[in-house]
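Enquirer: Residues per chain, in single letters:
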Amino acid sequence: MREWADFTVEERGGRVTVAITGPLTVSGIGRLDPALRDFADSVQTIDISAVERIDTVGAWIVHRFAEEKSAEINGASEAALVLIDAVEECAHDADIAPERDRSLKNFTADVGEKVVDFGKGVTHNIGFLGSIIAAIGGTIAHPRRLRVRALVRQMELVGVTALPIVGLMSFLIGIVIAQQGAVQLQQFGAEAFTVNLVGRITLRELGVLMTAIMVAGRSGSAFAAQIGTMQLTEEVDAMRTIGVSPIEALVLPRVLAAVLMMPLLGFYASVVAIIGGAVIADMMLGIPFWTFLARVQEVVPTYDFWIGMIKAPVFGLIIALAGCYQGMQVKGNAEEVGLRTTMAVVQAIFMVIVLDAFFAVFFTEIGFG
Amino acid sequence: MSAQDQSDHIAEAAENIPDVEDTDYPIRIRGLTNAFGNFVVHEHLDLDVRKGEILGIVGGSGTGKSVLMRSIIGLQRPSEGAIDVFGRDIVEAEPDEEIGVRSRWGVLFQGGALFSTLTVAENVQVPLKQFYPELDQELLDEIARYKVVLTGLPENAAAKFPSELSGGMKKRAGLARALALDPELLFLDEPTAGLDPVGAAKFDELLRELTDTLGLTVFLITHDLDTLYAICDRVAVLADKKVIAIGTIPELLQTDHPWIQEYFNGPRSRAAAESHDRGKALDKTAGEGS
Numbered sequence: 001m002r003e004w005a006d007f008t009v010e011e012r013g014g015r016v017t018v019a020i021t022g023p024l025t026v027s028g029i030g031r032l033d034p035a036l037r038d039f040a041d042s043v044q045t046i047d048i049s050a051v052e053r054i055d056t057v058g059a060w061i062v063h064r065f066a067e068e069k070s071a072e073i074n075g076a077s078e079a080a081l082v083l084i085d086a087v088e089e090c091a092h093d094a095d096i097a098p099e100r101d102r103s104l105k106n107f108t109a110d111v112g113e114k115v116v117d118f119g120k121g122v123t124h125n126i127g128f129l130g131s132i133i134a135a136i137g138g139t140i141a142h143p144r145r146l147r148v149r150a151l152v153r154q155m156e157l158v159g160v161t162a163l164p165i166v167g168l169m170s171f172l173i174g175i176v177i178a179q180q181g182a183v184q185l186q187q188f189g190a191e192a193f194t195v196n197l198v199g200r201i202t203l204r205e206l207g208v209l210m211t212a213i214m215v216a217g218r219s220g221s222a223f224a225a226q227i228g229t230m231q232l233t234e235e236v237d238a239m240r241t242i243g244v245s246p247i248e249a250l251v252l253p254r255v256l257a258a259v260l261m262m263p264l265l266g267f268y269a270s271v272v273a274i275i276g277g278a279v280i281a282d283m284m285l286g287i288p289f290w291t292f293l294a295r296v297q298e299v300v301p302t303y304d305f306w307i308g309m310i311k312a313p314v315f316g317l318i319i320a321l322a323g324c325y326q327g328m329q330v331k332g333n334a335e336e337v338g339l340r341t342t343m344a345v346v347q348a349i350f351m352v353i354v355l356d357a358f359f360a361v362f363f364t365e366i367g368f369g
Numbered sequence: 001m002s003a004q005d006q007s008d009h010i011a012e013a014a015e016n017i018p019d020v021e022d023t024d025y026p027i028r029i030r031g032l033t034n035a036f037g038n039f040v041v042h043e044h045l046d047l048d049v050r051k052g053e054i055l056g057i058v059g060g061s062g063t064g065k066s067v068l069m070r071s072i073i074g075l076q077r078p079s080e081g082a083i084d085v086f087g088r089d090i091v092e093a094e095p096d097e098e099i100g101v102r103s104r105w106g107v108l109f110q111g112g113a114l115f116s117t118l119t120v121a122e123n124v125q126v127p128l129k130q131f132y133p134e135l136d137q138e139l140l141d142e143i144a145r146y147k148v149v150l151t152g153l154p155e156n157a158a159a160k161f162p163s164e165l166s167g168g169m170k171k172r173a174g175l176a177r178a179l180a181l182d183p184e185l186l187f188l189d190e191p192t193a194g195l196d197p198v199g200a201a202k203f204d205e206l207l208r209e210l211t212d213t214l215g216l217t218v219f220l221i222t223h224d225l226d227t228l229y230a231i232c233d234r235v236a237v238l239a240d241k242k243v244i245a246i247g248t249i250p251e252l253l254q255t256d257h258p259w260i261q262e263y264f265n266g267p268r269s270r271a272a273a274e275s276h277d278r279g280k281a282l283d284k285t286a287g288e289g290s
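In the order they appear, the protein sequences are chains A and B.
Residues in the first sequence are numbered from 1 upward in steps of one, following the UniProt record's numbering.
Residues in the second sequence are numbered from 1 upward in steps of one, following the UniProt record's numbering.
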């Protein structure tokens with residue numbers, strides 16, 4: 001069991017002596033410290049001759065108590081004297097709390113700061129897009145500057161390794177749409193239209209949208225975290241000093257990979273979702289699997305496919321932009337990496353959904369109903 | 001187990017920190033083998049660290065100095081061998097025992113490894129709060145205040161975040177955190193690397209002073225020859241997957257291992273030795289003069 005330091009008070013001829021006993025170490029002073037703090041009477045002498053062990057924390061407490069009561073210290077061992085001297089030299093009362101607390105008074109200032117930051121963020125984002133376009137232009141002018149190896153690696157990470165999870169997700173979504181749609185359509189005796197429902201909604205909307213959300217979660221976050229960590233370890237600065245543009249080396253391969261892989265993944269997702277729908281239609285509605293697939297070709301207009309394929313690279317661009325931009329903004333500490341990664345994913349998914357709504361209205365209005 | 005549970009568990013265990021018997025050898029290593037896949041770093045390595053000494057660990061790059069330290073502090077599970085710290089086998093220790101040992105050592109990592117979201121003062125308080133939850137915040141603040149200055153940082157550094165500190169200040173802040181619990185055993189991984197010569201000399205001096213006053217045992221990995229000459233009681237040389245020699249520098253110079261000869265007879269080493277001797281001579285004349 002732990003031992004605790006304690007003290008006794010003795011009065012002799014008007015002189016009060018506080019005698020401390022037990023171990024004056026960090027593990028033993030938990031009870032002594034508050035007791036000495038609450039000790040209100042005046043003290044002339046502090047006797048520490050009965051102290052078994054002493055460390056700097058114990059020395060500090062003795063020193064503080066002696067200072068507070070203007071008392072003298074008696075019976076200190078050689079080691080104790082050295083320690084008390086050492087902590088005495090180090091005593092100071094500088095503020096150790098950082099300036100981080102914000103009062104209500106600063107509320108308006110905070111709001112103003114947020115608005116200004118938002119404005120700056122928008123300009124920076126546009127500037128970032130501009131520097132990427134400039135980098136693309138530079139790469140077209142000098143195709144050798146394209147980092148093929150990095151691009152292929154990123155395409156693998158964004159596209160190929162996402163195949164299993166995107167496939168599983170799409171298959172399940174296809175099943176859910178077909179099954180739930182069939183339940184509703186059966187009320188009108190129109191369960192044959194399940195084919196139209198699954199075929200059109202996956203190719204036109206859900207295939208690409210769900211893939212975009214998955215890619216934002218998988219790759220957008222990875223972009224932000226990777227580039228953010230490289231910022232912290234000064235790798236990005238090192239690149240700049242060597243004359244390598246971080247935009248060309250880090251951002252461009254990721255952006256291109258996302259733009260190239262999103263249509264492929266989106267189409268793959270749609271196909272798998274249709275297969276999922278066909279499986280459930282075969283089991284529940286008695287529509288044979290191959291008949292379902294043949295019907296899809298008849299009822300889904302080609303423009304549904306093209307609408308999906310037009311949206312996919314745009315979504316890819318948005319996801320990669322948000323991820324890389326937030327990653328490049330990291331400075332300071334590890335917490336910032338997490339914060340920026342979260343922001344990258346939230347921003348990407350939000351922007352994707354806003355744009356999807358815009359596309360939906362747009363394509364319907366121009367006659368691709 | 002949630003984080004809360006875990007910290008409760010640790011706090012509870014801290015209540016009953018078992019008394020680990022004192023031994024003359026805070027660290028005893030027998031037959032340590034460390035391997036990463038096929039790459040063997042240590043093979044049947046033996047090492048004893050004596051109580052109260054500063055033991056310098058030297059060796060070429062990649063001889064496993066940091067791996068050795070990580071094995072002792074339980075971050076790297078060895079493939080074979082026994083490591084006794086304060087008489088407890090750290091490899092097979094029960095969690096409670098391990099906590100008892102952990103409260104008696106402090107570690108300074110190469111880069112400082114300060115928690116980047118906490119101020120220097122809060123960094124120093126982390127181990128205190130973890131092991132001694134009964135301490136008042138007021139006392140914790142006082143402790144952080146003096147520890148920061150004790151390790152040679154300016155007073156206002158306590159309120160700063162690690163990202164606002166220079167490399168040398170980070171090292172000192174890391175040392176302040178390593179010393180937070182007033183440990184008996186201190187592990188330092190290249191403490192003077194990256195410091196300016198004046199700062200490094202001061203760091204050495206501080207370390208010697210702290211070791212003498214607090215009775216510390218120090219396990220010191222270093223490439224700094226000045227540090228070796230100035231403060232190390234003994235030096236252990238790592239090579240060929242083993243500790244090939246251990247002793248004072250004059251003792252090491254007696255051995256004829258080529259790496260040791262090269263290391264201690266190189267131009268930089270001789271310069272360090274000379275400046276060390278000159279410093280001693282000056283001290284002597286100053287002592288006679290007064």
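Mixed in with the good hints there might be a few duds.
As a list, the in silico BS3-like pairs of lysine-lysine whose alpha-carbon atoms are at most 27 Å apart [to be verified]:
{"id": "1", "chain 1": "B", "residue 1": "Lys160", "chain 2": "A", "residue 2": "Lys114"}
{"id": "2", "chain 1": "B", "residue 1": "Lys160", "chain 2": "A", "residue 2": "Lys331"}
{"id": "3", "chain 1": "A", "residue 1": "Lys114", "chain 2": "A", "residue 2": "Lys331"}
{"id": "4", "chain 1": "B", "residue 1": "Lys160", "chain 2": "B", "residue 2": "Lys202"}
{"id": "5", "chain 1": "B", "residue 1": "Lys129", "chain 2": "B", "residue 2": "Lys160"}
{"id": "6", "chain 1": "B", "residue 1": "Lys129", "chain 2": "B", "residue 2": "Lys170"}
{"id": "7", "chain 1": "B", "residue 1": "Lys160", "chain 2": "B", "residue 2": "Lys170"}
{"id": "8", "chain 1": "B", "residue 1": "Lys51", "chain 2": "B", "residue 2": "Lys202"}
{"id": "9", "chain 1": "B", "residue 1": "Lys202", "chain 2": "A", "residue 2": "Lys331"}
No wet-lab data here; the hints were simulated from the structure.
Enquirer: Quick check: which numbered hints come out false for this structure?
Expert: 9
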